[in-house]
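Colleague: Residues per chain, in single letters:
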Amino acid sequence: MLEKLAIKAQNLSKYYGKLCAVDSLNLKIPRGQTYGLLGPNGAGKTTTVRLLNSIITPSSGDAEVLGYNIKSQKHQVKSNCGFLSESPSLYEKLTAREFLEFVGDLYSVPKSLIHKRIDEFLKMFDLEKRENDLLEGYSRGMKQKVCLSATLIHDPKILFLDEPTANLDPISARIVKNLILDLVKRANKTVFICTHLLDIAKELCDVIGIINKGVLLIEGSPKEVMASVNANNLEDAYSKILNPSPNGASNKDYLSWR
Amino acid sequence: MSLWIILVKNELRIRTAKFKSHRKLFFITIFAIFLFWAIYLGPVFFNAVFPDILSAFSGVLELVLHFVIEYFLMTVFIMFILYPLFTLFRKSEIGIKDVILSSPVKPGDIFLSEFFSQLPFIFLIVLAVGPAAASLLSQVNPQLTIVHYFTIYLVIFLLMTFSLIIGTILANWIEFKFSSNKRISSSSNSFLLLLSFIVIISFYLFHYAFNLAYNDPVFKNWLSIFPSFWYSNIILYIINPTLIQSYIVNIWLSVILAIGIPLMVFFFSYRKAEVFYSYEPQHEKNLIIKEREGIFFKFIEKMTLKKYRIVVMVQFKNFLRKKENVTKLIYSIAFTGILGLFIFLSLDNPLTSIKDYLVGELVSIPVEYFDILVMSIFSWMGGLIFGMMMGISSIFDSKDILYLYKKSTKGVNTSIYSFLYLMTHLLLLYGIALTIFFAILFSLNFVVVGIFFSTYIIYCFIIVVQLVGLQCIRPLYGERGKQIYFKIYFIGVLQVVSLLISLFITIPLFPIAIDYSLGFMYILFTNMGISATIASVMLLFGLFKLNRTD
Chain A
59 MLEKLAIKAQ NLSKYYGKLC AVDSLNLKIP RGQTYGLLGP NGAGKTTTVR LLNSIITPSS
119 GDAEVLGYNI KSQKHQVKSN CGFLSESPSL YEKLTAREFL EFVGDLYSVP KSLIHKRIDE
179 FLKMFDLEKR ENDLLEGYSR GMKQKVCLSA TLIHDPKILF LDEPTANLDP ISARIVKNLI
239 LDLVKRANKT VFICTHLLDI AKELCDVIGI INKGVLLIEG SPKEVMASVN ANNLEDAYSK
299 ILNPSPNGAS NKDYLSWR
Chain B
29 MSLWIILVKN ELRIRTAKFK SHRKLFFITI FAIFLFWAIY LGPVFFNAVF PDILSAFSGV
89 LELVLHFVIE YFLMTVFIMF ILYPLFTLFR KSEIGIKDVI LSSPVKPGDI FLSEFFSQLP
149 FIFLIVLAVG PAAASLLSQV NPQLTIVHYF TIYLVIFLLM TFSLIIGTIL ANWIEFKFSS
209 NKRISSSSNS FLLLLSFIVI ISFYLFHYAF NLAYNDPVFK NWLSIFPSFW YSNIILYIIN
269 PTLIQSYIVN IWLSVILAIG IPLMVFFFSY RKAEVFYSYE PQHEKNLIIK EREGIFFKFI
329 EKMTLKKYRI VVMVQFKNFL RKKENVTKLI YSIAFTGILG LFIFLSLDNP LTSIKDYLVG
389 ELVSIPVEYF DILVMSIFSW MGGLIFGMMM GISSIFDSKD ILYLYKKSTK GVNTSIYSFL
449 YLMTHLLLLY GIALTIFFAI LFSLNFVVVG IFFSTYIIYC FIIVVQLVGL QCIRPLYGER
509 GKQIYFKIYF IGVLQVVSLL ISLFITIPLF PIAIDYSLGF MYILFTNMGI SATIASVMLL
569 FGLFKLNRTD
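Chains as they are written, first to last, in the working numbering: chain A, 59 to 316; chain B, 29 to 578.
Rather than coming from a laboratory, the hints here were simulated on the basis of the structure.
There could be a bad hint or two in this list.
[Unchecked claim] DMTMM-like cross-link-like pairs, simulated, lysine to aspartate or glutamate; straight-line CA separation at most 20 Å:
| no. | chain 1 | residue 1 | chain 2 | residue 2 |
| --- | --- | --- | --- | --- |
| 1 | A | 201 | B | 428 |
| 2 | B | 573 | A | 194 |
| 3 | B | 434 | A | 189 |
| 4 | B | 46 | A | 178 |
| 5 | B | 427 | A | 257 |
| 6 | B | 427 | A | 277 |
| 7 | A | 310 | A | 282 |
| 8 | A | 129 | B | 302 |
| 9 | A | 181 | A | 227 |
| 10 | A | 151 | B | 302 |
[Stated by the list, open to error] Computed list of chain A residues with no C-beta within reach of chain B, every gap over 12 Å:
| no. | residue |
| --- | --- |
| 11 | 107 |
| 12 | 187 |
| 13 | 190 |
| 14 | 192 |
[Claimed, not checked] Derived, one-sided and incomplete: chain A residues facing chain B with beta-carbon distance under 10 Å:
| no. | residue |
| --- | --- |
| 15 | 213 |
| 16 | 215 |
| 17 | 225 |
Cβ atoms here follow ideal geometry from the backbone N, Cα and C, with glycine treated the same way.
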């Protein structure tokens, strides 16, 4: 596939009953770019990622990932994507090594390569001493590291990372950020990040999109987004785009509940 | 390696997590023990015991054997088909993990893995119970060899496997229709009710048809096309080839059908799984909270003590908004109700007018208190059905919920008491409705109505408490299957144990000239006392363990 665009979505929509989770989304993300999708809780970020990974079927519209159609070429889409879920649900009764072996098998990674990669991941995330413990005994941060390793184990061409640094301590978060930067720069991977953490978006993303109630409100580089609303920083820009009224968040009485 | 094999391996790994360091040794040991039992110990034991027991029925066994085998296999076949239907919506409630959804796994892979991962355990069940069946058959044909024994085990295993895959396809197809068809989805509870009635009526109809066929050779010949007969024919042929001489489906056709059809079903279900199987996460159901819930919940709220009101209501809402629980509730109502209806239809007169009742053609038991006896047995069976269905509802959806209670000032015991409270509410509502139904159906008098209602409520509650006790010892956390099966089997074994204990206690204490029905009731009430004691101990121990769960 010589498709230049990693992701192309046209009027992609998803309805849950009467609720519109994603509304006519249009995306054009070139290969080798880091794209950040920002938005409040329930904005439609996770649904977008699930649509693009062929996990759920769109109600209308269409999309291509690496030139593969998300509706008719699900197998190819899934084989080439790595998806880190927002709330990673692991098999608690497996050890980290067993779980990673299982995920590697699912993507048909050769056995020897699986073991080599597992060793590297465990070393990178400092999990070597706990590799034979059941995952139910892991902290949330440790589970997040295992999930990240599972996302990368088949060396996908596109990575969809939903809150990749959630639950991680600062050192581990730094490792993950460096890893993402390296994956894009040195391995020419495309990374699609969903996050609430604006500093991560600013540091890692070439382009960001802000989504609310299923509608993509704005798209551009962090600088372009800030400039579009005359904001000094991304947090200001985010607030202005999502809460444009002058009597917005800053004038709220936060102690009214007392 | 096929993806479904990877998924099966993973399922087996999860199920044997406790033995993670010695999985191979674990499997070898377990299968070696069961094989030793199936090949040597079991047959030796049963061949030593059966002749004495069967000597009382000398000459009768040969006459009824083919009937017993055909009936038994048909019941097993239908039960295994129906079983996945009882757990309908469990999968969509819990969902499949994102890690699998985002991988190149196809619906067929997940479908086959869910099915095949159960096979080793079914095989163990067959090895465990097989010697009893094979030894019974060897009383009729003493020439049976170890090869025959294994063929019998294999036939039972194939039958269970085939029926389970049909049940799995049916259950998945129904879930698929519910999720893909908006009209069905919007009136899902009414459809569920209808579906449960169809399933349960068809269950009883098969038994009814079998009884009809027993007296009608032409109908029997046609009924032998039914799949369970392919398998019973093979066993009957092993015992005595003349037993199936008159059937349309002869031994060769039986063998071809018994092996060929399941293989074809396996193959097509794997290739065409997307037609009846959906693994796409369903969120629609969580978005709309029905307005009509309000009146019902307000009523329940008023019926609840102020101290527990909030917690009970939260648990009640969480419980009833899970479609899986509604399905189970409907099933347990329908199962008990229709069971009553069938007993009513099979009796010539209402219960109150019967003074003598014939059991089979061999034994006549005079009964003075037949109505009380039948309703007491009913309450026990109904209690088992309700208790098993409801007791496996997970109290804590996740560990976080457990910790939520733990860190609160009310403590974790509140969650258990409030769950039992909500079960009491459900039981009272459901018990009153069922009692009125039976009272009208059987024209019961006030005393019998009172006995049925109270014993039914008590039995249901005892089973629920036993399962809640088990859940306290090892919470379910809304996980898939695995633990649920263990808990159900365990509770089933407990009922047998308590019944055996009550038999050993009550029989030596019987007055010599006691009425049969009073004798039965004596056993039932003793059993109730023993079960209640076991339930209390399990609950207390469970609470003790739960308070110490980290």
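Colleague: Would the hint on residue 225 of chain A be counted as holding, given a Cβ-Cβ threshold of 10 Å to chain B?
Modeller: 13 Å, violated
Colleague: Check the hint pairing residue 434 of chain B with residue 189 of chain A against an upper bound of 20 Å on the C-alpha distance.
Modeller: Since the Cα atoms of residue 434 of chain B and residue 189 of chain A sit roughly 29 Å apart, the hinted pair is violated (cutoff 20 Å).
Colleague: Is it the case that residue 107 of chain A keeps its Cβ farther than 12 Å from each residue Cβ in chain B?
Modeller: Residue 107 of chain A is in fact no farther than 12 Å from some Cβ atom of chain B, at 9 Å.
Colleague: Straight-line Cα separation of residue 151 of chain A and residue 302 of chain B no greater than 20 Å?
Modeller: 29 Å, violated
Colleague: Hint check: is the beta carbon of residue 215 of chain A less than 10 Å from a beta carbon of chain B?
Modeller: 14 Å, violated
Colleague: Taking only the CA atoms, is the gap from residue 427 of chain B to residue 257 of chain A under or equal to 20 Å?
Modeller: Distance of about 32 Å is beyond 20 Å: violated.
Colleague: Just want to verify: residue 187 of chain A was marked as not at the interface with chain B; is every Cβ pair farther apart than 12 Å?
Modeller: 16 Å, holds
Colleague: Given the proposed pairing of residue 181 of chain A with residue 227 of chain A, does the C-alpha separation stay at or below 20 Å?
Modeller: 16 Å, holds
Colleague: Going straight from one Cα to the other, do residue 427 of chain B and residue 277 of chain A come out at no more than 20 Å?
Modeller: 39 Å, violated
Colleague: For residue 201 of chain A and residue 428 of chain B, compute the direct alpha-carbon distance and say whether it is at most 20 Å.
Modeller: 15 Å, holds
Colleague: For residue 310 of chain A and residue 282 of chain A, compute the direct alpha-carbon distance and say whether it is at most 20 Å.
Modeller: 29 Å, violated
Colleague: Is the straight-line distance between the alpha-carbon of residue 46 of chain B and that of residue 178 of chain A 20 Å or less?
Modeller: Given pair residue 46 of chain B, residue 178 of chain A is violated - Cα atoms ~27 Å apart, limit 20 Å.
Going down the numbered hints, you'll see the structure goes against 3, 4, 5, 6, 7, 10, 11, 13, 14, 15, 16 and 17, while the others check out.
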